[in-house]
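Asker: Heads up: the sequence lines are chains A and B, in that order. Every letter in the first sequence is one number past the one before it in my numbering, and letter 206, counting from 1, is 642. Every letter in the second sequence is one number past the one before it in my numbering, and letter 17, counting from 1, is 18.
The reader is advised that the hints may include incorrect statements.
Stated by the list, open to error - As a list, the in silico DSS-like pairs of lysine-lysine whose alpha-carbon atoms are at most 25 angstroms apart:
{"hint": "1", "chain 1": "A", "residue 1": "Lys509", "chain 2": "B", "residue 2": "Lys227"}
{"hint": "2", "chain 1": "A", "residue 1": "Lys509", "chain 2": "B", "residue 2": "Lys52"}
{"hint": "3", "chain 1": "B", "residue 1": "Lys232", "chain 2": "B", "residue 2": "Lys275"}
{"hint": "4", "chain 1": "A", "residue 1": "Lys465", "chain 2": "A", "residue 2": "Lys493"}
{"hint": "5", "chain 1": "B", "residue 1": "Lys227", "chain 2": "B", "residue 2": "Lys270"}
{"hint": "6", "chain 1": "A", "residue 1": "Lys509", "chain 2": "A", "residue 2": "Lys465"}
{"hint": "7", "chain 1": "A", "residue 1": "Lys509", "chain 2": "B", "residue 2": "Lys232"}
{"hint": "8", "chain 1": "A", "residue 1": "Lys459", "chain 2": "A", "residue 2": "Lys493"}
{"hint": "9", "chain 1": "A", "residue 1": "Lys657", "chain 2": "A", "residue 2": "Lys465"}
{"hint": "10", "chain 1": "B", "residue 1": "Lys275", "chain 2": "B", "residue 2": "Lys227"}
{"hint": "11", "chain 1": "A", "residue 1": "Lys509", "chain 2": "A", "residue 2": "Lys715"}
{"hint": "12", "chain 1": "B", "residue 1": "Lys227", "chain 2": "A", "residue 2": "Lys514"}
Just so you know, these hints were derived from the structure itself, not from any lab. Note that the structure is predicted; figures quoted are calculated from it, not measured.
One-letter residues, chain by chain:
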Amino acid sequence: MSCCGTNPGYDEIDEVSRLVAAKLAAFLKTLRDSGFAVGLHEGRDAAALMAAGYVEKSGLLRSAFKHLFSARKSDWEKFDGIFDAFWLGKRVKSRSMTMGSAKPANSPSLKSLQDNKAERTGSEAATDQIPSADDAPQDRAGEGRMEGASRADNLAEIDFRNMADPEQIEQAHAVAARLAKTMRTRLTRRDLARRRGYRLDLRRTIHNNISHGGVPISLIKRQRKEKPLRLVMLLDASGSMSMYTGVFLRFIHGVLDEFREAEAFLFHTRLAYVSDAMKEKDPARALDRLSIMAQGAGGGTRIGESLQTFNRWHAARVIHSRSCVMIVSDGYETGDAALLGREMAALGRRCRRIVWLNPMLAWEGYAPEAAGIKAALPHVDLYAPANTLKSLTALEPYLAKL
Amino acid sequence: MKDREEIAQRLAACGYIADGELATAISLMQLLRRPLLLEGEAGVGKTEVAKALAAVHGTELIRLQCYEGLDQSAALYEWNYQRQLLAIQAHRGEDADAIEDQIFSEKYLLERPLLAAIRRNKPPVLLIDEIDRADDEFEAFLLELLSDFQVSIPELGTISAITIPHVILTSNGTRELSDALRRRCLYHYVDYPDVDREARIIMARIVGAGASLSLQIARMVENIRKEELRKVPGVAETLDWAAALVGIGVRDLHDSPETVHETLMCLLKTHEDKSRVTREVTERLLGKVA
Chain A
437 MSCCGTNPGY
447 DEIDEVSRLV
457 AAKLAAFLKT
467 LRDSGFAVGL
477 HEGRDAAALM
487 AAGYVEKSGL
497 LRSAFKHLFS
507 ARKSDWEKFD
517 GIFDAFWLGK
527 RVKSRSMTMG
537 SAKPANSPSL
547 KSLQDNKAER
557 TGSEAATDQI
567 PSADDAPQDR
577 AGEGRMEGAS
587 RADNLAEIDF
597 RNMADPEQIE
607 QAHAVAARLA
617 KTMRTRLTRR
627 DLARRRGYRL
637 DLRRTIHNNI
647 SHGGVPISLI
657 KRQRKEKPLR
667 LVMLLDASGS
677 MSMYTGVFLR
687 FIHGVLDEFR
697 EAEAFLFHTR
707 LAYVSDAMKE
717 KDPARALDRL
727 SIMAQGAGGG
737 TRIGESLQTF
747 NRWHAARVIH
757 SRSCVMIVSD
767 GYETGDAALL
777 GREMAALGRR
787 CRRIVWLNPM
797 LAWEGYAPEA
807 AGIKAALPHV
817 DLYAPANTLK
827 SLTALEPYLA
837 KL
Chain B
2 MKDREEIAQR
12 LAACGYIADG
22 ELATAISLMQ
32 LLRRPLLLEG
42 EAGVGKTEVA
52 KALAAVHGTE
62 LIRLQCYEGL
72 DQSAALYEWN
82 YQRQLLAIQA
92 HRGEDADAIE
102 DQIFSEKYLL
112 ERPLLAAIRR
122 NKPPVLLIDE
132 IDRADDEFEA
142 FLLELLSDFQ
152 VSIPELGTIS
162 AITIPHVILT
172 SNGTRELSDA
182 LRRRCLYHYV
192 DYPDVDREAR
202 IIMARIVGAG
212 ASLSLQIARM
222 VENIRKEELR
232 KVPGVAETLD
242 WAAALVGIGV
252 RDLHDSPETV
262 HETLMCLLKT
272 HEDKSRVTRE
282 VTERLLGKVA
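Just chain A, with the same shape it has in the complex (with noise of 0.2 angstroms):
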């Protein structure tokens, strides 16, 4: 290194910057750790910085690896915390750090669902060892499938808060993510057939008919670029949606791996943007990484602040013109309702449509008392129950029309 001031033999040289490759790995292991892409490029280039003198002090090396290291916003906020810890020792206040650490204290939804799938994991390693029940999961995967119709019918029946077999409820989640899926394959479809050219390319017409002499016998169309449907996802995680977080959090995995364009959050008392953590392409991961990030603090759901934020900081990036809020939520208010209705108006301006999915509505003798929903709904395009399968599916048709 040459910055050093005194001038140390060769081995000694060695020694300290073999000393410092293995501080800058271990610190790129905390980055890749807290979330941040880092890849190989970027550890030779922040050796590079150190090299040209960039470590003589603290506060430039850690600007320096800001710009270099952040991707994004959320990245570039959490960067000062994670290097300081890192590098000075000190304390780090907020969540960035606590990956894998946390419990996630009150979403019980979210623990049971892990716990569920902790249990289905066991039990198929418990099956690895009695070869007569070799693959009894992906045969009961095929069977629901093939005499299915009975099956699948009966359980897109349930309330979803009445299943209480695991076995039931791993079906429901699976049948959520397939669902998603076929959605995404019909509203696509539909999409292409509609597509047809309707202005005259002048440009590409000449160029294409040079051959011809420059006679424009092939005319070349110009087609608007239809823009794809995209699915904003909101979901209540508070405890008295407890029994439907699973499930819908299954659907919104599903909707996240399949449509091109979606986006998740999850509310109780606070918002919190979920798609990353949601692309994890095994659920039962991204239900792992879910879970840190929806600690809430304290009781109650604030619908209100949590939409607040939503379209002060997400909306413009999150929404365009062919977009669709879907909220899954009881409308339980805990926070200030004249809010809520405030900035559903506010939304109700950005977007297309507005979904609200209230798995309470089917239940008997339910009316829309609470003060949330009663602001809510003049703002609310479909209001509509989702408490089991079949409601679900029946939303299909209506995304369609978008």
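Given the structure of chain A, go ahead and fit chain B onto it with the hints provided.
Answerer: Okay, now just chain B, sitting in the frame of chain A:
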């Protein structure tokens, strides 16, 4: 690093007041030869960074404004079909190969911004503005160009860069950019400037804006940004407003609250915001400005 302070100073001389971190970013850009991705709200001066950088280097600014449906022929190169056709007509009867060689030569090539940027003798500043408005496909194509800095034109062959341009990309965040593009770039988040820096920006840009007035304006704008607005005013709006006030001849905001309220149209751009900031609100905000 002394060149970091130097960069900040030279940017300031060109009318761009940079914070320390941006100066670091620019020095890194040169050291690592990576593009710089600027993100931030509309109107915080992302595009201005590129303009100032071009002025600092005393070089050309080549700008590619992205939009939906932007494609290779608008961004990279295109043949001048009309001239080619004319040439074919004019040389009718000559050897076909000769005509072909002629019409697919540099003379008939229309340079678009990306090709232009790699064919300058002095490295220009290439500003790829609002990359989030372009399609995913274009982003992928851009990625390839940014890593190789060479363009292959089937009829002509491969054109390698004469010089590597300084590339600045800006994004308003209307669409999530791909991780691949983000990883290739250095990242800088441009935030609204603090009061002090905004005042200095006003002084640097608006002729006739004194130090005390600039500071007052900056404080007032900061207060307005804290209100619940649909469209938060950016630096560009601040400058408009400052220019308006200076033009009208206001020397102290407290002297003419009427004028202050009436000229707020420079800052508030929606009906909703305009009706939210009533005279009383203006007076309250003005009260907070020392």
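Asker: A separate judgement is required for each hint: does it hold in the structure or not?
Answerer: Okay, the hints, checked on the actual structure:
1. With a CA separation close to 20 angstroms, the supplied pair A/Lys509 and B/Lys227 stays within the 25 angstroms bound.
2. Between A/Lys509 and B/Lys52, the direct Cα distance comes to roughly 23 angstroms. Compliance with the 25 angstroms bound is thereby established for this hinted pair.
3. Straight-line distance between C-alpha atoms of B/Lys232 and B/Lys275 comes to about 10 angstroms, which keeps the hinted pair within the 25 angstroms bound.
4. Between A/Lys465 and A/Lys493, the direct Cα distance comes to roughly 22 angstroms. Compliance with the 25 angstroms bound is thereby established for this hinted pair.
5. For the proposed pair B/Lys227 and B/Lys270, the alpha carbon gap of about 16 angstroms is at most 25 angstroms, so the pair holds.
6. Distance restraint check for A/Lys509 and A/Lys465: the Cα-Cα separation of roughly 20 angstroms lies within the 25 angstroms cut-off, and the hinted pair is therefore satisfied.
7. The straight-line distance between the Cα atoms of A/Lys509 and B/Lys232 is roughly 20 angstroms, inside the 25 angstroms bound, and the hint therefore holds.
8. Taking the CA atoms of A/Lys459 and A/Lys493, the gap is near 17 angstroms; set against the 25 angstroms cutoff, the hint holds.
9. With a CA separation close to 51 angstroms, the supplied pair A/Lys657 and A/Lys465 exceeds the 25 angstroms bound.
10. A C-alpha spacing of about 15 angstroms is found between B/Lys275 and B/Lys227, which places the hinted pair at or below 25 angstroms, so the restraint holds.
11. A threshold of 25 angstroms between alpha carbons decides the hint, and for A/Lys509 with A/Lys715 the separation of about 19 angstroms falls inside it, so the pair holds.
12. With a C-alpha separation of about 23 angstroms, the suggested pairing of B/Lys227 with A/Lys514 holds against the 25 angstroms cut-off.
When each numbered hint is compared with the structure, a violation occurs for hint 9 only.
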